[in-house]
Amino acid sequence: MERAMHQLAIYDMDKTITRKPTWQSFLNHAVARRAPWRFALYPLLLAPLAGFALGRTDRGRLKEMSQRLLLGPHLRPQEIEPLVEGFADRMLASNILPGARTRIAADKAAGRRLVLATASYRLYAEPIARRLGFDDVIATGSFAGLDARVHAKIDGENCYGPAKLRMVEAWLAAQQLARADCHILFYSDHASDEPVLEWADEAFAVNAHDRLKQLAAARGWPQLDWS
Numbered sequence: 001m002e003r004a005m006h007q008l009a010i011y012d013m014d015k016t017i018t019r020k021p022t023w024q025s026f027l028n029h030a031v032a033r034r035a036p037w038r039f040a041l042y043p044l045l046l047a048p049l050a051g052f053a054l055g056r057t058d059r060g061r062l063k064e065m066s067q068r069l070l071l072g073p074h075l076r077p078q079e080i081e082p083l084v085e086g087f088a089d090r091m092l093a094s095n096i097l098p099g100a101r102t103r104i105a106a107d108k109a110a111g112r113r114l115v116l117a118t119a120s121y122r123l124y125a126e127p128i129a130r131r132l133g134f135d136d137v138i139a140t141g142s143f144a145g146l147d148a149r150v151h152a153k154i155d156g157e158n159c160y161g162p163a164k165l166r167m168v169e170a171w172l173a174a175q176q177l178a179r180a181d182c183h184i185l186f187y188s189d190h191a192s193d194e195p196v197l198e199w200a201d202e203a204f205a206v207n208a209h210d211r212l213k214q215l216a217a218a219r220g221w222p223q224l225d226w227s
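When the sequence shown is numbered by my numbering, its final residue is 227 and no position is left out of the sequence of numbers.
Check each hint, because a few of them may be wrong.
[Claimed, not checked] Within a straight-line C-alpha distance of at most 30 angstroms, the following computed DSSO-like cross-link-like pairs (lysine-lysine) qualify: (1) K15 to K153; (2) K20 to K213; (3) K153 to K20; (4) K153 to K213; (5) K20 to K108; (6) K15 to K213; (7) K108 to K213.
[As the list claims (entries may be wrong)] Just the calculated beta-carbon pair ranges, DEER-fashion: (8) G111 to R34: 34 to 44 angstroms; (9) A180 to L49: 19 to 29 angstroms; (10) R56 to A109: 46 to 56 angstroms; (11) M5 to G220: 20 to 30 angstroms; (12) E81 to E202: 34 to 44 angstroms; (13) Y42 to H6: 37 to 47 angstroms; (14) Q7 to D89: 21 to 31 angstroms; (15) R131 to Q7: 38 to 48 angstroms; (16) A35 to A4: 49 to 59 angstroms; (17) P21 to P222: 35 to 45 angstroms; (18) Q223 to L41: 18 to 28 angstroms; (19) R38 to D201: 19 to 29 angstroms; (20) R34 to A180: 15 to 25 angstroms.
Calculated directly from the structure, the hints in this document are not laboratory data.
Predicted model, so just to flag it, every value in this text is computed and none were measured.
Yeah, the Cβ is synthetic: ideal placement off N, Cα and C, and Gly gets one too.
Hey, can you work out the whole structure from these sequences and the hints?
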């Protein structure tokens, strides 16, 4: 007797589902509500940004440095919820692509388990995903101390590039889902997600930039425009 397949639809978030990336928007949102004077510190990010451009600082470290500078070394639990919930409301109101909403609804109606897999921080990706009807979130984690304060330090890996595939596979294992028992759709706008696109049963290049357009043409991946 043939085993029933688990149907999964995995989505990247920034510029796949959203019009614009979310990390800088979240920082601006949080600074404006917590400590507007910290906007004056933005020029201090020029050196880390230059280090990133030169390959001396990786994406994860740049995120940590940005958060520490603009939001402080840690956030108390009572500060986090209103920040992330308010930010999620803003994103749903103005930053979700109409085609993404349509596809998410179609995958949901088809009985697929909806999973958001994003390099964005889980802190705010989770409330956005919840509002969009996702079932699960795989995202960059934040280190929390014994006092429950969230520190400007990534817990584990930045969910980007090959690390995203490792984190998706780890999530499957934690859910006790064998890869062979799953049929997986994956949607992304960026070539950095090539490892997951190659691994998926059905890969979709969404709102793709030039390099991903070339990869999609070479691999035969459908190209979608959700704008």
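Now for the hints, and whether the structure bears them out:
no.: 1; hint: K15 to K153; verdict: holds, 24 angstroms
no.: 2; hint: K20 to K213; verdict: holds, 19 angstroms
no.: 3; hint: K153 to K20; verdict: holds, 24 angstroms
no.: 4; hint: K153 to K213; verdict: violated, 34 angstroms
no.: 5; hint: K20 to K108; verdict: holds, 24 angstroms
no.: 6; hint: K15 to K213; verdict: holds, 14 angstroms
no.: 7; hint: K108 to K213; verdict: holds, 27 angstroms
no.: 8; hint: G111 to R34: 34 to 44 angstroms; verdict: holds, 41 angstroms
no.: 9; hint: A180 to L49: 19 to 29 angstroms; verdict: violated, 43 angstroms
no.: 10; hint: R56 to A109: 46 to 56 angstroms; verdict: holds, 47 angstroms
no.: 11; hint: M5 to G220: 20 to 30 angstroms; verdict: holds, 22 angstroms
no.: 12; hint: E81 to E202: 34 to 44 angstroms; verdict: holds, 36 angstroms
no.: 13; hint: Y42 to H6: 37 to 47 angstroms; verdict: holds, 45 angstroms
no.: 14; hint: Q7 to D89: 21 to 31 angstroms; verdict: holds, 30 angstroms
no.: 15; hint: R131 to Q7: 38 to 48 angstroms; verdict: violated, 22 angstroms
no.: 16; hint: A35 to A4: 49 to 59 angstroms; verdict: holds, 52 angstroms
no.: 17; hint: P21 to P222: 35 to 45 angstroms; verdict: violated, 23 angstroms
no.: 18; hint: Q223 to L41: 18 to 28 angstroms; verdict: violated, 40 angstroms
no.: 19; hint: R38 to D201: 19 to 29 angstroms; verdict: violated, 45 angstroms
no.: 20; hint: R34 to A180: 15 to 25 angstroms; verdict: violated, 47 angstroms
Going down the numbered hints, you'll see the structure goes against 4, 9, 15, 17, 18, 19 and 20, while the others check out.
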